[in-house]
Amino acid sequence: MLLIRFFRVILPLLAAFAGLVYISLTMAGGFKRHSFLDKVYLFKIDATNIKAYKSPAGRAPNTSPAEHIGLSNNYYFYMWGYCHSRYPMRFKYCTKPKIGYYFNPLGILKKYLVKESVVKVPSKTGSFIDKVKIGSMIMTGFYAAGLVFTALLLLFKLVVAIFDLGDKAPRIIGCLAMIFTLLASISSTALIIVIKRTIKKDAGYLNLKVHYGKSSLIYSWVAAYTVLIAYISLLIANRQLQKRRQATEKLY
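Sequential numbering from 0 applies to the sequence shown in numbering that gives the first Met the number 0.
Simulated from the structure, these hints should not be mistaken for lab results. Any given hint could be a false lead.
[What the hints assert, rightly or not] Keeping only pairs whose Cα atoms sit at most 25 angstroms apart, straight-line, the calculated DMTMM-like set for lysine to aspartate or glutamate is: (1) Lys53 / Glu115; (2) Lys91 / Asp37; (3) Lys97 / Asp201; (4) Lys119 / Asp37; (5) Lys119 / Asp129; (6) Lys110 / Asp163; (7) Lys50 / Glu115; (8) Lys208 / Asp45; (9) Lys109 / Asp163; (10) Lys97 / Glu115; (11) Lys53 / Asp37; (12) Lys132 / Asp45; (13) Lys114 / Glu66; (14) Lys109 / Asp45; (15) Lys95 / Asp163.
[Stated by the list, open to error] DEER-style ranges, computed between Cβ atoms: (16) Ile98 / Thr62: 33 to 43 angstroms; (17) Phe162 / Lys213: 38 to 48 angstroms; (18) Asn61 / Thr94: 21 to 31 angstroms; (19) Phe5 / Gly140: 48 to 58 angstroms; (20) Gln241 / Thr94: 26 to 36 angstroms; (21) Gln241 / Tyr211: 36 to 46 angstroms; (22) Ile9 / Lys132: 38 to 48 angstroms; (23) Thr62 / Ile9: 56 to 66 angstroms; (24) Ser34 / Leu164: 41 to 51 angstroms; (25) Asp163 / Lys91: 51 to 61 angstroms; (26) Lys200 / Lys167: 20 to 30 angstroms; (27) Ala168 / Tyr211: 36 to 46 angstroms; (28) Lys167 / Gly80: 36 to 46 angstroms.
We put the beta carbon where it would ideally sit given N, CA and C, even for glycine.
Sequences and hints are given; from them, build the entire structure.
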């Protein structure tokens with residue numbers, strides 16, 4: 000009985016709570032300025048040694064190639080916007096959080112160029128950005144759905160624990176929470192990999208360096224695995240309850 004209660008109530012509650020915390024942390028990066036949340040970026044572009052097609056003459060001392068043409072050295076991309084800085088994590092500007100924001104790193108670099116500066120971008124940039132836009136919105140939708148269903152799972156399990164109700168609804172919600180959190184983690188990881196490989200392959204001549212956001216990747220996958228654990232725990236509990244009912248029926 001104690002083992003069934005562990006898999007039916009205790010483990011799902013703990014796992015769902017952990018999943019809710021980690022998926023919230025992943026989504027909170029860039030939404031509000033905080034020294035901890037600032038580190039939860041999806042990816043970063045180091046433009047310090049960018050190679051421009053054309054740049055102004057006479058670079059000032061202690062000025063990087065990026066700064067010489069009007070850019071910042073570092074660009075951090077979040078789910079809701081981006082920040083840029085001269086030194087790592089010392090932001091001088093961040094966009095306001097925007098629902099429906101999509102990644103457009105090469106477009107942002109061109110936006111800040113000073114006069115007499117030219118940076119060539121690949122001819123396929125337009126179609127690539129369109130695909131990234133769709134991918135960004137799908138990813139955000141998966142995260143939002145994962146957050147909602149994980150919160151519902153936690154709420155339903157609390158109700159079940161208090162009133163000793165059936166587990167059918169929590170299992171369905173747990174299944175949906177698991178699917179959406181896994182899809183969110185997969186889509187965000189895949190999108191960042193595609194952006195990094197595309198910039199390296201098609202715009203390698205710009206000498207840009209793309210870095211994954213370690214914190215966001217870790218948090219998103221921990222969220223996915225903890226929600227998966229919650230769902231598996233519910234399945235195990237249901238199986239144990241069925242075995243117990245069958246054993247009781249045989250006695251009569």
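(request) Tell me, in ascending order, the numbers of any earlier hints that this structure violates. (result) Those not satisfied are hints 3, 4, 6, 9, 10, 11, 15, 19, 20 and 26.
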